[in-house]
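Student: Each chain, written out:
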Amino acid sequence: MSGSQDRHVDPERALLSGEGAGQRTGEGNERFPVRSHRTEHGSPDDAAAGDGGTTYYDQPLLKEPIWIWSVPAYFYVGGVTSGAAIVGAVAQLADRRGLDRLIRRSRWLAGGGAAVSTLLLIIDLGRPARFLNMLRVFRPSSAMSVGSWALAATASAAGASAVLPAVGARRLGDAAGLGAGALAPVLGTYTAVLLSDTAVPLWQATRTSLPRFFAASATVATASALELFPALDAREEAIARRLGMAAKVADLVCGEQVQHQADEVARVGRPLHEGASGALWRTAKLSTATSLAVSLVPVPARWRVARRILSAVLGSIGSLAGRFAVFHAGKRSTRDPRATFVQQRAGRGAAAMDGLAGVTGPAGRRATDA
Amino acid sequence: MSVSPGIMPTSTESAELRAGSELARDHRGEFDRGDGHALPAGPKGFFTDTTVCIGCKACEVACKQWNQLPDDGFVFTGTSYDNTGDLGSSTWRHVAFIERPGAHPTTGFADMSWFEGDDAPSAPVAFGPDPQGGGDFSWLMLSDVCKHCVHAGCLDVCPTGAIIRTEYESVYIQPDVCNGCGMCVPACPFGVVDRREEDGRAWKCTLCYDRQRDGLEPACAKACPTDSIVFGDIDDLRAIAEERVATLHERGVDSAYLYGADAASQPGTQGLNAFFLLTDAPEVYNLPPDPVDPTHAVGAAWRSALVAGAAMVVAVAGAVLSAAGARR
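Residue numbers (the working numbering), protein chains in the order written: chain A, 411 to 780; chain B, 99 to 426.
Since the hints were made in silico from the structure, they are not lab data. Please note that a few of the clues may not be correct.
To be verified - Here chain A is said to cover these stretches of chain B; the calculated rule only asks that three of the stretch's residues, wherever they fall, bring their Cβ under 8 Å from a Cβ of chain A: (1) 158-166; (2) 184-190; (3) 252-258; (4) 277-285; (5) 408-414.
Glycine included, each C-beta is placed from N, C-alpha and C at the ideal position.
Okay, chain A solo, but in the shape it has when bound (with noise of 0.2 Å):
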C-alpha cells in the first residue's frame, strides 16, 4: 500500500489507521486512467447552450457511471447468449431430432457467449480478484445482484447444455438446455432494467422503453449470429431469416419509442442527437434498417448466401452500436446538470414514481429567480 506521501503524512511519525488509510493511490492505471473529477469550466461539451437555469459552475450533478466498454460489449454478448439459449429451448421443443444441428449450435452460442460475458464483466470490476462478492447476497432491489444471479444460472445451464451431450449425457444436456431457455429472457432484458436502476436522466426517462429495445437488440443479435454460421439447410436458414426480420421491426419501433420518451424533456434526450453518441445511435438505426431492407431483397439462389452475410453483419453492427449508443448517451447526460434539474422540474423525478409525490423546497422557486 503506497501512499504516505499523498497523504502528506510521515510514515515515520503517523499510524495510518484511520477510515480511508487503505485507499490506495498512485497515477492510477491502464484501464482506469486517473480522471478528474472536475469540469473544465465553460468546456463547450456540456456548457452548450448554457439556457435551462443556473447551476454551480456548469459542474456536473451526477458521478458518469465509470463502466468501460467491455459493459455495452456484454449487453451485446448477453444478448447473443439469451437468444441462443431461447433458440435452443425452443428448438428442442418443437423438432428435437430435425433441428439437432441448429439445436447444438445454438447452445455453444449460448455456453461460450456466457463466458465470454462473464469475463467482460469480471474485467470492468474495480477489484476483480473480488469477483465471487457478486454472489454473497441476493438484493432484489439491486437489477445487478438480480443479474449477477441470472448471469450465473444461465451460464452454467447453459455450458451443461452445450458440454453433457458431447461427453454422453444427452438427457441431462436435454434439461439443461431447457433451464438455460428458461432462465435467459430475464438475462437478455434486465440489463436494461440496470440501467434505469440509476440516477442517470436519459435511463430514467427510458426506463419502460429501454428493456423492449434491449430485448429487440438481442433478438437481432442473435439471429444475425445464427446467420453467419457455415452451410445452413433451408429451414435453419428460413428460421433466422424471420427471426431477424421480426427482430429489426422490432428494433426499430422500440429504437424509436426509447427515443420518443428520452425527448419528452428535450435536455436529457440532447445525447441520442449530438456528438458521438449521436452517431452512435444514428448509424445503429440506418445499419439494423439497412440489414432489414437486404433480407426483404429477392436475389437469385447464388447470391443468397452473400445476402444473408451482409444482412447479419449488418445486423450484429446495428445492435452492437446500440447498445453502445445508449451506453454513451447515458455517460454524457450525466454531464449536464440541467437535464436531471429540468427533468425534476417537470415533475419526473420523486413526484413520478408510484405513491410518491413532490418538488423540494418551497414550491414554485426557481434558480433562475434569485
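Following the hints, put chain B in place on chain A, whose structure we already have.
Tutor: Same frame as chain A, now just chain B:
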C-alpha cells in the same frame, strides 16, 4: 469612521446568528464525550446551516486529516474560492462557494458602500460587476457531504452487500467487501459516491463511524467554528433546524427553508440524515430539486422487461414453427 457590516458579521449580528445554534451547543457534549464508549444506537446525522457557514473549509481539512484520505490532485478551478469542486472518493466534505448578484440573505449586505468611508482602498477594487467596487454581490457557502439518505440508492443497488446501514442509520461502505462494480456511483442521486481508480473501490463519508464508536462526534462537526455543521440525534436536529428557520423568517429572511429534513419534503429519499438549511433554490448549490432513490422506479422497468422477455420467446417460437415447412 463607522463600523462596517462587512463580510464577517458584527458582534451583535454574530450573537444573533448563533442564537439558533445555542441549543446545538448545549446538546453537543452529549455526542462528544470522548470517553471511549460508543454512542448509543439510533439515527444520527448532520444539520448543516448554510447561513452561518463562513467557508473556512476547516471541515474539509478535518475530514481529510482524521480519515487519512489522500489528496486528489491540486487543481485551480478559476471559478471561485472553491478549488475542491465536488465530493469524491477521497473528498468526503466539500465547501461550495456560490458567487451571485444580489444581497446576502441574512446580512442583507448588498451595496458595499462602506468601501467609500475612511476604510476605502485608495484605488478602486474590482469586486463584482461594478468596477468601482460597489457591486450588487454576495456569497453563499455550503459544506456538502454524503446525505445518508433514509432510502439510499447506493445501498439499495449494491450487489455485494458491501454497503450497509449502521446502528446510527448511516450508510457505510465496507472496504473489505466492495469489489468495485461501480453500480453505486451513478445510482446516487446526489453524485456523492465515487471509485478511486487506483484503488478500485467505492468510497464516501462514513459519518465518522469510527469516532462514533469511540464516543466522539464526526471530525467535521467538531472542527466547524460556527456550528454550521451540527451533529446529533435526528429528532433533535430537526427541532433545532425548525427553530432556526423560524428565527430567520422572523428576521425577514423568507427564503430560508430546510432541504431534505423529512420524508414529506423529500419523498424520493424519504428524508436525509444529513440535511441542510438553504436560502436559495437547490440547483444553486448543485443539489437536485427532487432527488429519487432510483430503486423506487425499478418496478416499472422490471414489468416491461418481463413482457419483453416473453416476447422474445414468442418471436423465436413463431420463427421455428413457421419454418417447419421450409424446403430442405
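Student: Run every hint past the structure and note whether it holds.
Tutor: Checked hints:
1. 158-166: n = 3 at 8 Å, threshold three: holds.
2. 184-190: Result for this restraint: holds, n = 5.
3. 252-258: holds (count 5)
4. 277-285: holds (count 8)
5. 408-414: As far as the region 408-414 of chain B goes, the hint holds, because 6 residues have Cβ atoms under 8 Å from chain A.
The structure is consistent with each of the numbered hints, conforming to all of them.
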